[in-house]
Each structure stands twice: as structure tokens, then as C-alpha cells.
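All letters in the sequence shown, in the order written, are residues 1028 to 1414 by our numbering.
The set of hints was computed from the structure by calculation and includes no laboratory data.
Where hints are given, some of them may not hold.
[What the hints assert, rightly or not] Cross-link-like lysine-lysine pairs, in silico, DSSO-like; alpha carbons within 30 angstroms at most:
| id | residue 1 | residue 2 |
| --- | --- | --- |
| 1 | K1320 | K1353 |
| 2 | K1320 | K1234 |
| 3 | K1371 | K1337 |
| 4 | K1282 | K1174 |
| 5 | K1371 | K1381 |
| 6 | K1381 | K1201 |
| 7 | K1294 | K1162 |
| 8 | K1201 | K1064 |
| 9 | K1045 | K1337 |
| 10 | K1043 | K1337 |
| 11 | K1234 | K1043 |
| 12 | K1320 | K1162 |
| 13 | K1045 | K1130 |
| 14 | K1162 | K1282 |
| 15 | K1174 | K1290 |
| 16 | K1353 | K1371 |
| 17 | K1228 | K1130 |
| 18 | K1264 | K1080 |
| 19 | K1290 | K1043 |
[Said to hold, decoys possible] With beta-carbon atoms standing in for the labels, derived distance ranges:
| id | residue 1 | residue 2 | range |
| --- | --- | --- | --- |
| 20 | S1142 | H1205 | 14 to 24 angstroms |
| 21 | N1245 | K1290 | 17 to 27 angstroms |
| 22 | K1130 | E1385 | 43 to 53 angstroms |
| 23 | L1233 | L1061 | 15 to 25 angstroms |
| 24 | Q1323 | L1066 | 25 to 35 angstroms |
| 25 | K1320 | A1164 | 27 to 37 angstroms |
| 26 | D1161 | T1069 | 42 to 52 angstroms |
| 27 | Q1283 | E1204 | 39 to 49 angstroms |
| 28 | R1322 | E1122 | 41 to 51 angstroms |
| 29 | D1367 | L1233 | 29 to 39 angstroms |
| 30 | S1207 | E1385 | 32 to 42 angstroms |
| 31 | K1290 | N1350 | 22 to 32 angstroms |
Just so it is clear, CB atoms sit at the ideal spot from N, CA and C, and this is done for glycine as well.
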Amino acid sequence: MSDIKYNNDFLEHYTKNKISPVRQNIVSLENHFLVRKALYRTLGLLPANFNGKRILEVGPGSGYNSLYFASLEPSQLVLLEPNPVGVTHINNLFETYKMHSEKVVIENLVLEEYSSAEPYDIVICEGLLPGMRDKQAFLDKLGSLLKPDGVLIVTTSDEVSMFFEIIRYFIAQKLTEHVSTFEEKIEILVNSFGSHLDTLKGFGRLKEDWCADSLLGNAVYNYDISMKDCMNYLGNKFYFYNSSPSVLTDYIWFKQQELDPIKYNEKFSEQFELIHHNFFHYQAILPERDPEKNRQLEIHCAGLLEAMRKHFHEGQPDTNVLNELKNIHENLLNLSPVIDDSLKELIQILEGKKYSPELISKSFPAFASSFGKGQQYVSFVKNRETI
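With the sequences and hints as input, model every part of the structure.
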């Protein structure tokens, strides 16, 4: 891997600490495959859509999800993983499950360095896009590797859907500000937030990996791409296809559909503006509301993230983080008890500076069980007319 300036804060964090914190605890490979099958069915892709096709996965991490693609017998599966530790994990995993074959190619490259003489039928990039600083250039590169009418799958995460991870990141820095070693930080964070992860049904990652991935490094400051933003980045090159969670609907008769991707995607963007608050807390599914209220929510969540950055990197007071937290609480007030209770507890933590592993782990149950929609999986179809 050449010495280029990474455009990826995840990768800088991983290579600096020699980690690939995306391992999964697979008790049953069959069940793992069923979960992945259900995900891609929601995105509009069945196993037959992968069989015999050329597939590129960018940033497969340690390769746990790549096993599913390999099992579907594509004509070629290229795994583009820039992290050397991840490449080692992929090779070991594929060896363990006997998935190595001449059809599987593992490349230790960053996307910027990669080219292909033949475009792909499906390009997949999960969990990586939100960590990129130049999302437009990254999406353009992904799209250039895809055939006309091919399918692009990415994940999106923004300041609203990632709010609870963002505020945990803030607390994590307070908990570990006087700790020097990476290993000690991970131990403190697992002790503090492990009980939070226990509240999530279906959580399958190693706790130490989740803490290393979500609560350390600088990728958190790039969580600024929503599903709507992604549609805007892709412009007239891609049609929105499906998403998980599947939250956008289309009642238009097929003979009256817009043929231009921008106009076609517009109705989905408008719907998103009405429901963006439903990405804030995964347990609160609420009616549509005034999009202006959601725009204000976006502004305050982004403001909290920026106040956090300025506190840790420019020495500005953390009271600005607390002020934005109160603005968010006011914006969402009385919409849902789970939201109200969790935000009240967070205000208590920040006002009282209650930054101890014991308190964070056990004393704030509403906050402990609060997570947002996190990342959303979104599929797009490449517009043939723009080639």
C-alpha cells in the first residue's frame, strides 16, 4: 500500500492502532447468512442477483459479511481492503470457513488506487462512507466502477441518526482523558458502555471492537451524510432503489414516474424531511411532522458535534455541547417518553460532570438503552443515460 494521504478517518485510526475492530461473534454461520439475506432482500437484491455476477466490496473489514457474498457463487468477488490487519483477518476467516477460491480476490489497496478494466454488476461499501472526508469524490469513484443499470449499496449516517453514539463519544473522551494507552482506554470504555450494548437485541460485535470503532478516533466528526444527502451527492447518475430500514414509499403509477433521476429521487427526499426525527431513537416511531422542525433538529445535532470538536481540538468550553443538548431536548420535547427520559439523563450527566464508569454503566437506564437508527443501508441503480 503506497504512502498516500488517506481520505478516511476510520483507516487512519485503524492503522495507527493496528486494529480491525469490525469482528463479529458468529455463533451460527447459517443464521448469519439468513440475516444478510434478509438485509439484501430489503434492498431489492435476491441471491440470484449475485450468482454469476462480478461483485466489488470496498472496505470489507475483517470479511464476515463477505462470506455471504462468496457463498452465492459470483463469477468474481473482489474485496478491496486497505487495512493490512483487516486483510489478515479476511484470509484467516476465509480459510476457516473454506471459502477461498480462484473467484475471490483480496486487494490491499485504498479505493483511490484501484481501477478495473471491466465494470462490476454490484458495488458494495458498508460502514465506510460516513468516515470519508470527501464523500463526493468517494461516491464518484464507487459509481465509476459500476456497469450501467448496476446496483450500488452504501451506508449513510448523520448527526441525527448517530446522536447517541456521538454523545457517547463525548462522554468517552471525558472518561479517558487522563489515560495514556489504547488498551487501558478500551478497558474503561467496555466497563462503562458494555451494559448499554447488552440492551440491544441482535448485537453481534465484540464489545471491545465496538468501543474502539465508535468511541475513539476522529471519524465521528464526519457523520454528516443522510439518505437524502446521499441522493443529492449522486445527482442524476443514480436512481434511489431501496433502503434498510425501509421507510420511504412511492404511490405513483408506474406510467407517470419521473424518468430523470433527480426528479425521481425528489419525492423520496421530501418524504425523508418529514420523518427524519424517527432516526433519532430506534424505539420511537412517530408521525410525520413539520420539516422545518426537522431542519432545526439537524442544525442542533450538527451544532453539538461541532461544539464537541471545538472543545476537544480547540479548547473551547464544553458548555456549548450542553447548550446544544438542551436545544435538541426542546426540539423533541414531549414526542416520546423514551426520548424525553434519555435526554433528561444526559443533561444530568453533562451538568453534573458525572463521568465515571460506574455511573455511566449503571445509573442512567434510559440513556443506557438509547440508540439511534445508526447507519442506514441504501441501494441505488446506476442511470444508463449518463454514461
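Here's how the hints hold up against the structure:
1. K1320 / K1353: 15 angstroms, holds
2. K1320 / K1234: 35 angstroms, violated
3. K1371 / K1337: 24 angstroms, holds
4. K1282 / K1174: 25 angstroms, holds
5. K1371 / K1381: Holds. K1371 to K1381 sits at ~14 angstroms (cutoff 30 angstroms).
6. K1381 / K1201: 10 angstroms, holds
7. K1294 / K1162: Holds - the C-alpha atoms of K1162 and K1294 are around 23 angstroms apart, at most 30 angstroms.
8. K1201 / K1064: Given that 30 angstroms is the threshold and the Cα spacing comes to 40 angstroms, the pair is violated.
9. K1045 / K1337: 27 angstroms, holds
10. K1043 / K1337: OK: K1043 and K1337 at ~23 angstroms, within 30 angstroms.
11. K1234 / K1043: Measuring from Cα to Cα gives roughly 20 angstroms; hence the hint holds.
12. K1320 / K1162: OK: K1320 and K1162 at ~26 angstroms, within 30 angstroms.
13. K1045 / K1130: 28 angstroms, holds
14. K1162 / K1282: Distance of about 34 angstroms is beyond 30 angstroms: violated.
15. K1174 / K1290: Measuring from Cα to Cα gives roughly 22 angstroms; hence the hint holds.
16. K1353 / K1371: 9 angstroms, holds
17. K1228 / K1130: 35 angstroms, violated
18. K1264 / K1080: Judged against 30 angstroms, a Cα distance of about 22 angstroms means the pair holds.
19. K1290 / K1043: It is violated: about 43 angstroms lies between the C-alpha atoms, which goes past 30 angstroms.
20. S1142 / H1205: 14 to 24 angstroms: Violated - the Cβ-Cβ distance for S1142 and H1205, about 46 angstroms, lies outside 14 to 24 angstroms.
21. N1245 / K1290: 17 to 27 angstroms: Violated, since N1245 and K1290 (Cβ atoms, about 37 angstroms apart) do not stay within the stated range.
22. K1130 / E1385: 43 to 53 angstroms: Holds, since K1130 and E1385 (Cβ atoms, about 51 angstroms apart) stay within the stated range.
23. L1233 / L1061: 15 to 25 angstroms: 21 angstroms, holds
24. Q1323 / L1066: 25 to 35 angstroms: 32 angstroms, holds
25. K1320 / A1164: 27 to 37 angstroms: At 33 angstroms between Cβs, range holds.
26. D1161 / T1069: 42 to 52 angstroms: 29 angstroms, violated
27. Q1283 / E1204: 39 to 49 angstroms: 58 angstroms, violated
28. R1322 / E1122: 41 to 51 angstroms: 50 angstroms, holds
29. D1367 / L1233: 29 to 39 angstroms: For D1367 and L1233 the Cβ distance comes to about 32 angstroms; the hint holds.
30. S1207 / E1385: 32 to 42 angstroms: 21 angstroms, violated
31. K1290 / N1350: 22 to 32 angstroms: 40 angstroms, violated
Hints 2, 8, 14, 17, 19, 20, 21, 26, 27, 30, 31, counting from the list given before, are not met by this structure.
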